[in-house]
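Asks: Here are the chains, one letter per residue:
Protein chains: 2
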Amino acid sequence: MGKGMILGTMIHGAGERRTDWRHPAIPSDASVSFDFYKQQALVSERGKFDFVFVADAMYITPQSTPHYLNRFEPLTILSALAAVTSRIGLVATLSSTYSEPYAAARQFASLDLLSGGRAGWNAVTTGLGGTALNFGHRRDMHPEHGIRYRMAAEFTEVVQKLWDSWEDDAFVRDKKSGVFFEPEKMHEADHDGEFFSVKGALNIARSPQGQPVIFQAGKSEDGRRFAADTADVVFAIDGELEAAREYYADMKKRAARAGRNPDGLLVIQGISPIVAETEEEAFRIREELTATVSLEEALADLGRHFDHHDFTQYDPDAPFPDLGGMGANGFQSDTERIIRGARRDGLTLREAAMREAAPKTPFIGTPEQVADRIEEWHRTRAADGFILIANLPVLLENFVDGVVPILRERGLFREEYGGTTLRDHLGLPFRENRHARVAEASLV
Amino acid sequence: MGKGMILGTMIHGAGERRTDWRHPAIPSDASVSFDFYKQQALVSERGKFDFVFVADAMYITPQSTPHYLNRFEPLTILSALAAVTSRIGLVATLSSTYSEPYAAARQFASLDLLSGGRAGWNAVTTGLGGTALNFGHRRDMHPEHGIRYRMAAEFTEVVQKLWDSWEDDAFVRDKKSGVFFEPEKMHEADHDGEFFSVKGALNIARSPQGQPVIFQAGKSEDGRRFAADTADVVFAIDGELEAAREYYADMKKRAARAGRNPDGLLVIQGISPIVAETEEEAFRIREELTATVSLEEALADLGRHFDHHDFTQYDPDAPFPDLGGMGANGFQSDTERIIRGARRDGLTLREAAMREAAPKTPFIGTPEQVADRIEEWHRTRAADGFILIANLPVLLENFVDGVVPILRERGLFREEYGGTTLRDHLGLPFRENRHARVAEASLV
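Line by line, the protein sequences give chains A and B.
Residue numbers for the first sequence follow this note's numbering, beginning at 1 and rising by one.
Residue numbers for the second sequence follow this note's numbering, beginning at 1 and rising by one.
Heads up, a few of these hints could be off.
As the list claims (entries may be wrong) - In silico EDC-like pairs for lysine to aspartate or glutamate, Cα to Cα no more than 20 Å straight-line: (1) K199/B <-> E297/A; (2) K175/A <-> D322/B; (3) K360/B <-> E409/B; (4) K176/B <-> D401/A; (5) K176/B <-> E336/A; (6) K38/A <-> D401/A; (7) K38/A <-> D56/A.
Treat the hints as calculated values from the structure; they're not laboratory data.
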């Protein structure tokens with residue numbers, strides 16, 4: 001479980017939900033407001049959080065959720081945040097399906113170096129099939145789910161090879177002798193695989209944490225296998241204690257099966273806490289958020305999980321429609337969850353859509369109540385920590401100023417940062433360079 | 001010539017020249033020091049410069065110049081600098097041969113928005129043939145010179161289409177009505193060309209300057225044509241007044257031939273001024289810089305212009321070798337210049353290599369002397385302005401504190417920033433959205 005509970009903030013601009021931006025307490029241009037991102041990062045750093053996190057996608061239609069239509073690109077905004085923060089980790093989402101490993105390795109290494117070792121990469125394979133339309137002639141077809149994960153595994157392998165291009169003491173920079181680096185400590189990747197052929201070396205050194213931290217959130221079988229093999233931090237948004245505990249146990253078991261120490265794979269949950277001074281106030285905020293959603297919007301939002309399927313064609317008050325194989329190559333885990341839930345509870349389409357659209361969280365109430373819930377999830381091995389998706393700025397502040405002090409009193413969360421890198425915060429060891437290990441081994 | 005003289009700084013870490021890092025006055029880790037980049041940007045902003053500029057390349061060998069081996073990636077470092085500066089423009093190099101237009105358009109738009117309209121893109125086609133080895137399986141062959149420029153033209157067309165995805169008043173964000181944007185002000189790129197197929201729309205809005213400014217530095221016939229058609233700012237490093245004047249006249253003529261107002265294509269020169277309180281001190285600094293170069297290093301540096309050709313195989317004191325067609329697909333304009341110079345002056349290989357390696361600039365001397373030279377170049381239409389490649393931090397400071405006040409006294413350079421965007425600084429108009437123009441025209 002690392003050194004203690006993990007806490008991070010997903011900075012999500014004008015909101016993850018289609019209608020969050022209509023709430024009076026959120027600036028409706030938050031997704032493209034540097035001041036908003038900076039403020040959320042500074043509040044999170046004031047709380048001594050482990051990291052801030054920026055999600056991503058690369059395909060929109062007029063039906064997309066407002067935040068998706070117009071938002072900062074993750075690596076640029078996190079690089080800007082690196083300059084106005086000093087300790088908090090910076091986790092950017094980047095697709096292994098629609099990027100080049102050499103370019104990706106560089107950008108993360110650059111963020112890692114300029115932030116003093118605070119970078120993380122949330123590796124995604126891109127669920128939105130339409131993305132291929134924005135990357136045509138080089139990759140004309142959206143690869144299917146299984147291939148995307150094979151690509152992701154190879155992509156990550158290449159990126160990590162490139163991140164080890166230079167041993168940590170390669171750059172001696174001796175002005176007198178004129179020796180800038182030791183040639184035997186420069187290593188080409190020399191990768192030639194199924195999807196990528198990359199020579200190297202990377203043109204940037206490693207950071208104080210060795211390599212950026214790898215995050216992953218795939219919940220499908222392929223996604224879980226990839227995470228168990230490769231990720232440092234894996235996360236899900238399960239919403240319920242039992243589901244979270246199952247996910248936690250499964251991921252730890254998979255890590256062990258992959259030959260790893262299960263403590264080295266941190267399993268965390270994305271939660272959307274609604275904290276206020278009183279329980280009444282918390283539920284009032286929830287009501288305000290729900291009140292912004294119309295059925296039409298809820299249906300469009302539902303469609304996003306099914307590759308922008310048009311749900312307005314069905315009677316909203318008939319049972320949830322039979323969609324055949326729909327969504328099998330989209331955000332697989334979401335589609336399965338929604339369909340399963342609708343069948344289990346015998347929901348109409350309207351009910352399923354509103355259930356999906358309404359903010360629903362067990363982490364609602366007073367600081368004490370939410371701290372209790374957080375502690376319960378942590379203690380019963382449902383999560384090593386949490387990513388807060390607190391769209392309203394006031395909800396993040398209430399968590400930092402209300403819940404975090406209680407977690408500290410209970411010895412569950414740090415008083416101060418103990419180190420300087422994201423790995424330090426997470427209790428993950430410095431990532432040794434594979435070539436340095438080889439060199440040492442050969443001396444024995 | 002715009003509103004006045006243009007001044008920018010190329011932040012070049014540990015130095016453009018192979019041995020600059022050995023000079024006592026430069027931090028040898030400058031290429032990966034955020035503090036160094038920040039300091040250079042702040043000094044430039046104190047001087048009210050138009051922009052800072054970061055060059056790039058994506059292929060290294062053990063023979064590469066030290067700065068190339070280990071440096072920040074341009075978009076990440078400039079995004080970080082955006083957060084610690086307030087007015088100065090931020091120009092990043094990105095290759096149209098080894099990037100995706102959708103990803104590139106996003107990153108520049110993101111930098112542009114988060115900086116309040118200060119982004120510029122230096123479009124390069126990538127001269128280093130080895131780069132293909134780092135981007136294998138998607139682009140296995142390094143495209144030849146002419147194809148690279150055809151790609152660049154189409155790439156830029158796509159990027160600019162994507163930058164016009166949203167009209168400036170598309171996002172109304174009316175919380176009451178629930179209207180986030182006006183659908184008729186969202187425009188797909190719908191591009192399907194020789195090299196790229198990109199649907200759009202881009203998932204980020206335009207900035208206060210409309211579109212990022214496009215820089216270009218191709219000196220070949222293809223490069224000049226591309227710049228005349230597409231660039232806002234074109235630059236060269238000619239080193240001599242006559243060559244600069246020829247280049248200036250040629251580019252302005254080409255802009256006119258392309259149907260543009262020649263004032264809309266700014267032609268600037270990269271210079272490496274060596275300014276000190278006295279002439280003696282300036283020449284002493286130049287000597288210090290030359291003293292760090294060995295023949296071996298000079299030959300390796302020369303090789304970089306010839307696709308890493310090994311020049312140590314030749315007798316250094318024999319005439320400059322006949323290289324056949326060598327370099328015809330590399331940094332074409334550099335190879336031509338070096339070969340032509342060596343033949344014209346009957347140089348040995350050693351002489352040609354040391355000529356290339358030694359710091360040579362007409363902009364050397366006291367602040368008054370250098371200001372005179374600057375004024376002469378500007379007045380005689382050799383340049384609309386200058387990019388300073390001042391590797392030693394002290395040389396940038398000497399220019400800002402010594403030369404700039406003189407230029408101001410003479411009315412050649414601004415006292416204060418007159419606007420907030422890079423276009424404002426350069427005297428370039430706000431870039432209208434093509435769709436907004438169409439809408440207006442249809443009303444007439």
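Asks: Each hint should be assessed against the structure and marked as holding or not.
Replies: Hint by hint, here is what the structure shows:
Simply put, K199/B and E297/A have alpha-carbon atoms about 25 Å apart, too far for the 20 Å limit, and the pair is violated. Taking the CA atoms of K175/A and D322/B, the gap is about 35 Å. The hint is violated against a cut of 20 Å. Taking the CA atoms of K360/B and E409/B, the gap is near 28 Å; set against the 20 Å cutoff, the hint is violated. Proximity of K176/B to D401/A is assessed by CA-CA distance (about 31 Å); at most 20 Å being required, the pair is judged violated.
With a C-alpha separation of about 34 Å, the suggested pair K176/B and E336/A falls outside the 20 Å cut-off, and the hint is violated. Distance hint between K38/A and D401/A is fulfilled; the C-alpha atoms sit about 18 Å from each other, no more than 20 Å. Using a Cα cut-off of 20 Å, the hinted pair K38/A and D56/A holds, with the two alpha carbons roughly 18 Å apart.
In summary, the structure is inconsistent with hints 1, 2, 3, 4, 5 from the numbered list given earlier, while agreeing with the others.
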